[in-house]
Structures are given as structure tokens and as C-alpha cells.
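**Student:** For reference, the chains in residue letters:
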Amino acid sequence: MANYLLRRVVGMFVVIILVLTITFVLVRLAPGDPAALMLGPDATPQEAADLRTRLGLDDPIIVQYAKFVGNALKGDLGESLFFNRPVTSILADRAEPTIFLALMSLFFALFIATPIGIYAAYKRGSLLDQSSVTSAMLAASIPSFLTGLVFQRVLATNFGWFPTAGYGGPDADLWVRLGHLILPSITLGITNSALILRFTRASMLDILGEDYVRTARAKGMPEARVILRHALKNAGIPIITVVGLTFALLVSGAVVTERVFNLPGMGNLVVNAVLRRDYPVIQGTLIVVASIYVLINLATDLLYFFIDKRVKY
Amino acid sequence: MASVSQLHQPPSFRVVLMARRSTVVALVCFVLIVLACFLLPALDLTAIGGMSVRNRLTPPGADYFLGADAFGRDVLGRLLIAGQTSLQIGLGVAILSSSAGIVIGLIAGFFRRLDTPLSRLIDAMMAFPDILLALALVAIFGGTVGNVILALSIVYTPRVARIVRASTLVVRELPYVEAARALGSSTLTIMVTHVLRNILSPILVQATFIFAYAMLAEAGLTFLGVGVDPSTPTWGAMVNEGRQYIDTAFFLILFPGIAIALSVLSLQLVGDGLRDALDPKLNKET
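Note that the protein sequences, when read in sequence, are chains A and B. Just so we're aligned, residue 475 is where the first sequence starts under our numbering, counting upward by one. Just so we're aligned, residue 925 is where the second sequence starts under our numbering, counting upward by one.
Rather than coming from a laboratory, the hints here were simulated on the basis of the structure. None of these values were measured; they are calculated from a predicted model. No residue lacks a Cβ here, since even glycine has one placed at the ideal position from N, Cα and C. Possibly wrong hints are sitting among the right ones.
Ranges of calculated distance between the beta carbons of each label pair, as one might list FRET restraints [stated by the list, open to error]: (1) Y686(A) with L1098(B): 49 to 55 Å; (2) V952(B) with L531(A): 53 to 59 Å; (3) I1170(B) with Y686(A): 50 to 56 Å; (4) D550(A) with A1106(B): 41 to 47 Å; (5) T1113(B) with E521(A): 31 to 37 Å; (6) S600(A) with D1171(B): 39 to 45 Å; (7) V650(A) with V958(B): 43 to 49 Å; (8) S1110(B) with F556(A): 52 to 58 Å; (9) L777(A) with S1110(B): 43 to 49 Å; (10) L577(A) with R944(B): 32 to 38 Å; (11) L577(A) with V948(B): 39 to 45 Å.
Some, not all, of what chain A presents toward chain B, calculated at C-beta under 7 Å [stated by the list, open to error]: (12) L500; (13) A504; (14) M611; (15) I616; (16) L620; (17) L669; (18) A722.
Bound conformation, chain B alone:
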């Protein structure tokens, strides 16, 4: 039997987040991917970057755990290095688009006069399919890691802004905001300390999904030959390079493809878990 105090105590955030096995597995999986990409190359366990033409297109086996590419480079080593770039792009886009989206969304939600023009602008931006807009932006900015992050952030900012605006419209009418206003708090203080702090959860959930989408979009752009400059390896670039050898060395596109899918899947599962844990109304569901 639960005691009275337990009954009144809602389950803590961590308990709810960890309640679903899939969330835990996904979180562990994603952390392992990140650690592998950023720590293993530094330990220099594999012959990274070394080329040996004699070994080109060696299938996975004892010498090369995941095979060797067309230049005789170790696929596993390259996969880890490329992962650093792909993960950086995902994280960069998540942070940049969330920050820009928070600013735009708060302004639209707070200042009635700016709401309509900003909302229409958000609608117009969201009318462009993500890859298509990103393609045009990267074509204009040029294909460096920073520019790809910038282009994809422009693509995803309206999504965050729309969510922030909607949440702001609800929260700003709550009694404690009114109280703060009555006590003479400045608009900026109300926006940041009272409103923003209380709408962080949907933003965090959305940022997790954007992390995932951005990694997928980057892979797509690079596959189309429009993403990051080919001298910087990313998972998308590895698939693109492997295309030429699809008949002889299918593993060249398979492994980076799996790396993308695994990262994106675990991020999406974590995002789902976060959403359920942060939204008490949904706790009863699923």
C-alpha cells in the first residue's frame, strides 16, 4: 500500500524518464555512440587515416573489423571520425535553432503587434520542404561545416519559434505572470524568468528531435553532393563515396548508413521518453 504522502507525490522526472525500457536503451546507445566517436580515435586503437592501396575494398574481417574503403582506409576508424562531424552538426543545429526560435517565439508571443507579421513569416518559412530550403541555402553559403549548421538552423528555427510562441501565449496569461507584472517586474524579466523557464520542456523535446532531423538532413545533403566539403568526412559523405562500389563492396554504404539510423533512432526514442516524462498529462498514456 502506498502511504498518503506517496500518493500525493507525483513521480519524479527521472523515474518517469527511466520507466520505459526503450528510453533507457536509446539513451545508453546514444551516449555510447558519442563516446566512441570522440574517445576511440584519440586512443588510436585502429590504424586511422593510414592508407594502403593493397588492402583496398577488403571486406570486414580480422584485419579490418568493418572492412577497408577504396583507398584502403579502415572503415571503422573513418566512421568514428566522420561521426564527430555528423554529431557536431546535429548538436550545433539543435542549439542554434532552439536559441533563435526561443527569441523569435517569445517576441511573437509577447508583443501583439509583432505577432501577426512574425507568425506569417514562420508560416512562409515552413512552406519550404526542409531539404529543398537547406539545398538552396548551402548552395548560397558554400559547403563548410559551419555553413551547413547555419543553413539547417535557418530551416528548423521556425519550428521551435512556433512552439515557443504557442506556449508563451498560454503561460503569459497565468496568475503568477500577472502577479509578477503587478509587482513591477520588467517585461524582459517576465519573459526570461517567468515564461521561458516554464516552457523549457517542450523546447527541450523539440531540440532533441531537431538534433535527429538535422543529422538525417545533413546526410541527405551530403549524399546529394551539396553538403559539407568532401575533404571533411561525414556519414552521409561515406555513403556517397561508397555508391561507386555498391556492387563489389556493399558494406561501404551499409555501415555509415547504420550509424546514421542508429543515432537518429536513439535520439528520437530519447525525445519520445522526454516528452512523456516532462508532460504529466501524458503519463497515463502508453
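So here's chain A without its partners, still in its complex pose:
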């Protein structure tokens, strides 16, 4: 156990170093002088030279790399060229809407997908099963910005049930802010429910064929109890895996959804950074998001260990 834990943590550390390396290489893939590229076509050579010094671009590449990794591990992701502030503090300002959006949409996705997935597996082959599988696929095929725009137009603009866009202004209290996230979360939740539904259905199908489910039924245990107690509990592991996997989908979806609903989150920040060629912000966002993903994956793996005692390492 301790051995396994250690191996996993070392592995995670290696992956994070690689993530840093990839982001470092990415920006240097850009053709031409990064400083001139960041400043745009109107910059004077003097400005470009100043920026080069500020970013340490005159150092040998190995030194730059070592500094970059060292600083990142200390939590210093550089300074935004546009805001002239540390990237970490900008990201911290923008984290709230994105984190709430991700959590709320995960909640909606689970809320939609788990019961339907269980029921579809239970009534396998029925009309409801087939239509739920097909609609899950349809939900995953509709671009989330289209769902968002339709919801925004119909439910917010026409019916006025939800705020149209934004995050309620700078002084809005928590409930107002969360209220602004309901429609974006439903949008993102629908897109992401597809994968969870298919996984839940598939793992429930596996479990429902197991001997112990038949035994439980043979003992005369009520159906609801068989499903919830025996089947769902054992289907939990694949469901946890898929929830870990949806994180990447959630973040990708959040970038688009925040743009549709004009939320001041990390997704909107990174799109603006791309449009402004604010490379330190792009780099910083990539690093933070990828590291969270790596941590979540480690956490889900460890969770298996505690849920399923049969998992041996």
C-alpha cells in the first residue's frame, strides 16, 4: 500500500513536470521572437528588447527552462502582459465562477444521468432504454454553445426565468451569483450527462448479471433494495472513474459556456488571453488546469482503493 502510494505520487510529480515542460515548449514553438509576437506589430525594437529582458528571453534556453519550472513549482506563474499582475492572482480572481460552474453542472449531469442510466439498464432493450441511449448521444453531439444560445434566447430572454448573462455585477451576493450560474450549469450538465449516462448504464448492466444480484432476488429482497443496495454500490467504481474523466470535458465546456453567458471565469480569461496573445496567462491557465486534472485522477485511483478492497496493487 505505502509502496503503491509512493509510486503514484512520484508518477504524478513526473507528469506535472512534463506538463510544465510541454507548456514551456508550446510558447517557444511560435515562429519568430516571442517578445515581438506578444507586443504585436506596432512595437518598437526597443520595447521588444525591454520585454525580452523582463521575460528573461536573453538567457540560454536551459536556464530559462530551469527558472520556469523552479518558479512554477514555487507557485509563481509569471506576470500577465496585459494586466501587469501575477498570473496566479488573476487566476484566483477568476476561479470562483469556473469552479461553481463545474460543480453545479456536474451535479446537474449526475442528477440527470444516474437515475436514467440505472433505469435504462434495469429496463434493458425497452423503448425507454433505447431512447435514453440515443438522446444521450444526441446531447453529446450538439455543440454546447448552440444549447447555451437556445436556452439563453428562450428561457432567459423570452420567458425571463433566468438572468440572461453575466455574474450579477461586482457587489452581487452569493445567491445572486449562483442564480446567474443555473442556466450555464444546465447547459453544460446536459452535454456532460451523456458520458455519465452511458457509463452508468453499462456498469449497471454488468452488475445486474452477477450471481449475487440473482441471489438477492432469490432471497425475496425487494427490487428497489436489490438495485440500490447491491447493484448501485458495485457500479460505483466505474461511475467514479467517469466523473474523474468528465473533469476535462467540464473545463473544455466551461470555456465555451462562459463565453456564451459572459461569465468572468477562467475560460473567458483564457480566450481573451489568446486574443491578446497574453502568453503568461495562457501558460498559467494550462498549468493550473492540467495539474488539477492530474490530482483528480490520483484521487479517483486512491478512492478505488478504499471503496473496493479487491483492488490490489
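Keeping the supplied structure of chain A fixed, place chain B upon it in accordance with the hints.
**Tutor:** The following block gives chain B in isolation, referenced to the frame of chain A:
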């Protein structure tokens, strides 16, 4: 009653692929979309590209089957032209990422020494959410069709590589590979003729899904204003342009949106059908 020979004959690939009605419908639907996009504009049935400001934002009707956009251009005509680009991007990414993924996956699966570093690199690449990595790459490369294909291929290559590696690890231990090795076949021959040929099915399935994901991702990127240059129409770009007129001409975002969803859905259904048809173990399922 089935005769003995029939009992021993597994159902052919085509029979299994066509057994599900949804797969057939999806395949027909996708072929129709492709034919429409690449053949109809050439036939010049509609007034494509012609602008007439007088007709701007005409709703769908007799004159303009799917309406006219803000410049008075026929939406249907533009939809077909834009579809060419969107489909090319999807296909390009599917081919490029599969090829790169095959090479990397085979190397990782064959050479033990390279396996760990390559696998960790794949893990690290997959830690980046697809749109986010594609955004950064397109920002760096610039927004041309070729660069979007390149960026999205970099995003999806690790997925293929991971599958190829896993399949290679299984296949390389099979007796016929051992036999080939004993007969003195070179590593390259074994890799290509014995291993690759036998793991093509999961790659084909994955390529179909990547085709679909790439089309969705391209639409997302272009919607964010970071994808293909606005002078080249794509379905994502049409939705983005239509956003300004969402209150007066909702059809401007609806039709390209439906085009994306229909293509992606049919590709995913075909991918599902392929997976079931190519994997005999799954034949009994669903």
C-alpha cells in the same frame, strides 16, 4: 434450422455492421451530408455567394430555402460550402492523429525502454482539456485550416497512441508474433504486418470518434473567435456570425448548429456500430 456450417460461421463484418438500424441510418445520413456539401455547390443550383443587401435576413421561405444572412447571402448555399471546410478538418484530424498515434503507440508498445517516457508524455498531454490545448496551439500557429488541423491532431494523437500501445502489448505476446520472430522477421516487419494489421479495428473506431470530436472542437474554437480565419466559412463561424442577429434571425445560428449536430451524431453512431461489428465479444450485447 441453421446447418452445421452456418453455426460455425461467425456473422460477417458487413452483416453485423448493418444489423442495427441506427448504424445504417447514420451511415446513409453522413454520406448524404458529404455528397451534398461536395456536389451540390458544384451543380450551382442555388445562388451561392451572390449578395443582395435588399434581401438581408430574409427568413426561410420560397426564395431562400433556409433564409438569407446579414449580407443577403443564401444560407443553404453557404452552409454547403462551409460544410466542406468543417468536414475536411474532421477528416484531416482523424487521419493525421491516427497516423501519428499509430507510430507513437507502436514504438511505446514495442520498445520497453521507450515505453515509460512515452507513456508519461501521453499522460501529460492528456491532462490538458482538448479545447484549452487547441486554443493555445491555434493561438501560436495562427488560424488557418491547416493549422487548426495540426493543432487538433496534436490534441487527439495521445488518445490514439494510448489505444495502439495497449493493443500492441497484447498482440505482441501472441504465438504468431513469436513464430514470426522465430522465423527471423525484422522488428519492423513484425510491427507493421503482424501487429498493426491486427489492431486496425480499434484504431478505425477511434478515428471515427475523433472525426466527430474534431468537428465539434473546430466549431467550438471558431465560435470562440480563435479557429479558422473568418474569411473561410465553417459551420462554427456561421453560428458565431449569426449571434449578432439572435433576436431577429434565430435561424442563422440554428441551421449551422443542426448541421454540426447531425454530422457529429451520425459519425458517433457509425463509430458505435463499427465497434460492435469489429469486436466479436460485444456482438451479444445490446
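**Student:** Mind listing which of the numbered hints don't hold for this structure, in increasing order?
**Tutor:** 1, 4, 5, 17
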